[in-house]
Amino acid sequence: MKRTLRQIAEFVKGRVIGDDQVEISGVASVAGGGSQDLVFAENETSLTNALGSSAAAVVANEASSETKSSKPLLIAEHPRLAFSRAASFLNPRINPTGTIHPTAVVHSDSTLGKNVDIGPHAVILEHCVIGEGTKIGAGCVIGPHVSVGQDCDVYPNVTIYPQTKLGDRVILHAGVVLGGDGFGYVRDPHTGKHEKFPQIGRLELGDDVEIGANSTVDRGALETTGIGCGTKIDNLVHIGHNSQIGENVVIAAQTGISGSVIVEDDVVMGGQVGLGDHVRVQRGVILGAQTGVPSNKIVRGKGVIFWGTPARPLRGYLKELATLARLSKKK
Amino acid sequence: MKRTLRQIAEFVKGRVIGDDQVEISGVASVAGGGSQDLVFAENETSLTNALGSSAAAVVANEASSETKSSKPLLIAEHPRLAFSRAASFLNPRINPTGTIHPTAVVHSDSTLGKNVDIGPHAVILEHCVIGEGTKIGAGCVIGPHVSVGQDCDVYPNVTIYPQTKLGDRVILHAGVVLGGDGFGYVRDPHTGKHEKFPQIGRLELGDDVEIGANSTVDRGALETTGIGCGTKIDNLVHIGHNSQIGENVVIAAQTGISGSVIVEDDVVMGGQVGLGDHVRVQRGVILGAQTGVPSNKIVRGKGVIFWGTPARPLRGYLKELATLARLSKKK
Amino acid sequence: MKRTLRQIAEFVKGRVIGDDQVEISGVASVAGGGSQDLVFAENETSLTNALGSSAAAVVANEASSETKSSKPLLIAEHPRLAFSRAASFLNPRINPTGTIHPTAVVHSDSTLGKNVDIGPHAVILEHCVIGEGTKIGAGCVIGPHVSVGQDCDVYPNVTIYPQTKLGDRVILHAGVVLGGDGFGYVRDPHTGKHEKFPQIGRLELGDDVEIGANSTVDRGALETTGIGCGTKIDNLVHIGHNSQIGENVVIAAQTGISGSVIVEDDVVMGGQVGLGDHVRVQRGVILGAQTGVPSNKIVRGKGVIFWGTPARPLRGYLKELATLARLSKKK
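Residue numbers (my numbering), protein chains in the order written: chain A, 4 to 334; chain L, 4 to 334; chain Z, 4 to 334.
No wet-lab data here; the hints were simulated from the structure. Because the structure is a prediction, the values reported are computed rather than measured. Where hints are given, some of them may not hold.
[To be verified] Computed cross-link-like contacts, DSSO-like style, restricted to lysine-lysine with a CA-CA straight-line distance of at most 30 Å: (1) 322(L) to 300(A); (2) 300(Z) to 305(A); (3) 332(A) to 168(Z); (4) 5(Z) to 196(L); (5) 332(Z) to 333(L); (6) 332(L) to 332(A); (7) 322(Z) to 332(L); (8) 332(Z) to 322(Z); (9) 332(A) to 300(L); (10) 196(Z) to 305(A); (11) 333(L) to 300(A); (12) 300(Z) to 332(L); (13) 199(Z) to 5(A); (14) 168(Z) to 196(L); (15) 199(Z) to 305(A); (16) 5(A) to 168(A); (17) 16(Z) to 300(A); (18) 305(L) to 5(Z); (19) 305(L) to 168(Z).
[Unchecked claim] Here are the simulated distance ranges between beta carbons: (20) 116(L) to 18(Z): 44 to 54 Å; (21) 28(Z) to 194(L): 20 to 30 Å; (22) 194(A) to 135(L): 54 to 64 Å.
[Said to hold, decoys possible] To give an idea of the chain Z side of the interface with chain L (calculated C-beta under 8 Å), a few residues: (23) 90; (24) 108; (25) 141; (26) 194; (27) 235; (28) 237; (29) 255; (30) 257; (31) 327; (32) 328.
All C-beta atoms in this analysis are idealised placements derived from N, C-alpha and C, irrespective of residue type, glycine included.
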């Protein structure tokens, strides 16, 4: 889709210096930008590179507005954010048209909203509700009694267990499994066998949640596992039963969250983080990659970075590492 | 399904104090229990909460039998175990009825036992044997030459490679991959290329094994990978070629077991544990979350907890962590 | 397929001592070898075991050629390599025959080479090109605009996102997801919400790449994620957007590679390794299992082994561990 730079600037609430009628057809990296592409620069070096590139125009910050430029500049408070919004303006979601592939199996008891697309070989079991404008990819298996909101994107080969509820604009990447049984057993002391503790709770995802490929989120044992609005989860993440993940949380790849964990709003976790059962991570905490929080611990401090296993505030942990290195070299 | 408390008590081998004719339709958490629900209490605090809840009756231990109670009590030696059994009594597995969905592809050379359900778009390739009372979910791909026991639950989108053998009552959650090639190569010193070492062994799972969503277990290279009866495996776990996992082992999420590992009976592993090649973990060892055991090591000590990488007995490791913290603060 | 030992020796460029007309039908472990099996021995002990086994013949090294042997020996410079090649000679890939299962959905705009097999319920979306001799397993979902090379093996339930490009002889195990969106967001400082940074780049895999079950590799954000020829990746591995993995790299299970990482040729990584954003691992480095490399670091040293988080050269790290253990015991 082609837009003038002016149209883009209006959409992202920025202003143009230079020719605002230049036509833009896409966004690109500085290295890959072609003659109809918009690129962005966050500092002087990248601005210099951007101006030397083949790109049509550059999103830059207020400080760049004085720069002598051969290209039109789109000045924005947050260039990266404005650039991201420009990208979605230029490449809007392709709206589904209500196409149900003839090989899809949709139970007659289920209800599809307007303009729901269902891909080849997808299966919607009984008593599901799929909201308007949602796309279900090929090979997905959903239900029974699952509720999916509006304008969701469910990529291929996703499985959603019974009774799961999704908000609007949820994105599930390929291979995601939602609502599987939690990992809970009770050992019979006489036989030594592990018997299944009931895993009959539910799973609810808020609006605007995105979950990466092959991640798994379990249903509650007796209650409900929940993921708050706007939370973003990377690939191969595991979230256990009964856990409550807040809003606008960011969880990088391969992180594992055990059962009955509370993660408050705005927490950020690097990759391969592990949280034990009944951990509570308070609002705004940052957990570095591979951090491990033992069971029942509370991690506090908005904006405080933790690292290591067991998790320690970064500054103290780095000091410990330095101490160990020094002592080790002495001998 | 409704049952009287007395019927439940008989099933779980407990005894009722109070009205044993009260009707129970389900189990619940104390917080969520409704007027026909059974809840359980393991200590005084939870008993007080349970008695103050809306639940119909409470499973409690012998010590609680003296408690003055407005609700009928189901007294059991192990309340959590009795509660779990009550749950399965009230919510029994729904037996399959022998329904093969018309979109399923079942090879004519394969043999299905009585009352096998096959979901939409599932694929059973040639020379498979599926035992009586087993359910195969939508989108599963099984075979050829796979043997699945009786009363198994195979959730959607599971893939089982050729020649894998499953016991009875095995539960495979969505996205599980069984019997894939092990990760074994031989480097040609002249070309620097990695050539495939043969991965032509098999995989066998005992009875009552449960494997969580998106976990993967590889076939043996030349021999057989094995998982013993009653072993429970969480989501996103990896088990490598030739490994032998014992009986009643518990393996939490995202743990990785390399090739040719021996895990003896009754071992418990937390999440994100890693075992190197040719490790042996002896009977009853407990490995804390994120523990790493280097290749070729033997870990011994029934009931001994290990933690850290490389794995150390917990007590010593905690002492090391304390020592490091102390030394680091000195400077 | 039966071959004489002589035919095998010619194929693997070794020589036979003893009866070169013995018929061999397969390869096996020493313990499992039957009367028509070839086994291999890398040292004296295993040679003794091999000669005492039921196997028909033994692949052994030059040093073994003087050994008095009741069985014919196939002498090779690298017995394990010769054995692996013998295995592929005896169990060659079964070539596809151009069979498209009637339940597969292949878009008419897509182009299939000669002898492409497409399994039941597989889906090939529009504008894909599948190379000659490639097999696509049941339940796979591919495309649109995906290019798959010749003689590839795509196991069941694999998902390949749009515009991904695969070389020849690529092996993708079940549940692999290629080309999903990278994990990139920009936070709006006013609303606190994470908005999607464009994930519109591509993913390219070279020839002879093998990827294990349920692993995920993301497309680039604006550029291209790349995996070089001959690189082998185990199960449940994550590779993030924009990362460039070199040739003949080996990556064991559950390793996570963040965004914009460069891994040069011949690097070897153990399981559960984690690399932060913008890390560079130089040619020939070896990263032990569970090693963590923080963002922006460069790891150098061909053949040097690193371990720990943050990654340190093995020798120094072991010294640190010993120092800590010693100091901890003092008190």
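A quick look at each hint next to the structure:
no., hint, result
1, 322(L) to 300(A), "holds (19 Å)"
2, 300(Z) to 305(A), "holds (26 Å)"
3, 332(A) to 168(Z), "violated (49 Å)"
4, 5(Z) to 196(L), "holds (27 Å)"
5, 332(Z) to 333(L), "holds (18 Å)"
6, 332(L) to 332(A), "holds (19 Å)"
7, 322(Z) to 332(L), "holds (21 Å)"
8, 332(Z) to 322(Z), "holds (15 Å)"
9, 332(A) to 300(L), "holds (27 Å)"
10, 196(Z) to 305(A), "holds (17 Å)"
11, 333(L) to 300(A), "holds (26 Å)"
12, 300(Z) to 332(L), "holds (27 Å)"
13, 199(Z) to 5(A), "holds (21 Å)"
14, 168(Z) to 196(L), "holds (22 Å)"
15, 199(Z) to 305(A), "holds (24 Å)"
16, 5(A) to 168(A), "violated (37 Å)"
17, 16(Z) to 300(A), "violated (61 Å)"
18, 305(L) to 5(Z), "violated (49 Å)"
19, 305(L) to 168(Z), "violated (51 Å)"
20, 116(L) to 18(Z): 44 to 54 Å, "holds (53 Å)"
21, 28(Z) to 194(L): 20 to 30 Å, "holds (29 Å)"
22, 194(A) to 135(L): 54 to 64 Å, "violated (24 Å)"
23, 90, "holds (4 Å)"
24, 108, "violated (11 Å)"
25, 141, "holds (4 Å)"
26, 194, "violated (32 Å)"
27, 235, "holds (5 Å)"
28, 237, "holds (4 Å)"
29, 255, "holds (6 Å)"
30, 257, "holds (4 Å)"
31, 327, "holds (5 Å)"
32, 328, "holds (6 Å)"
In summary, the numbered hints that this structure violates are 3, 16, 17, 18, 19, 22, 24, 26.
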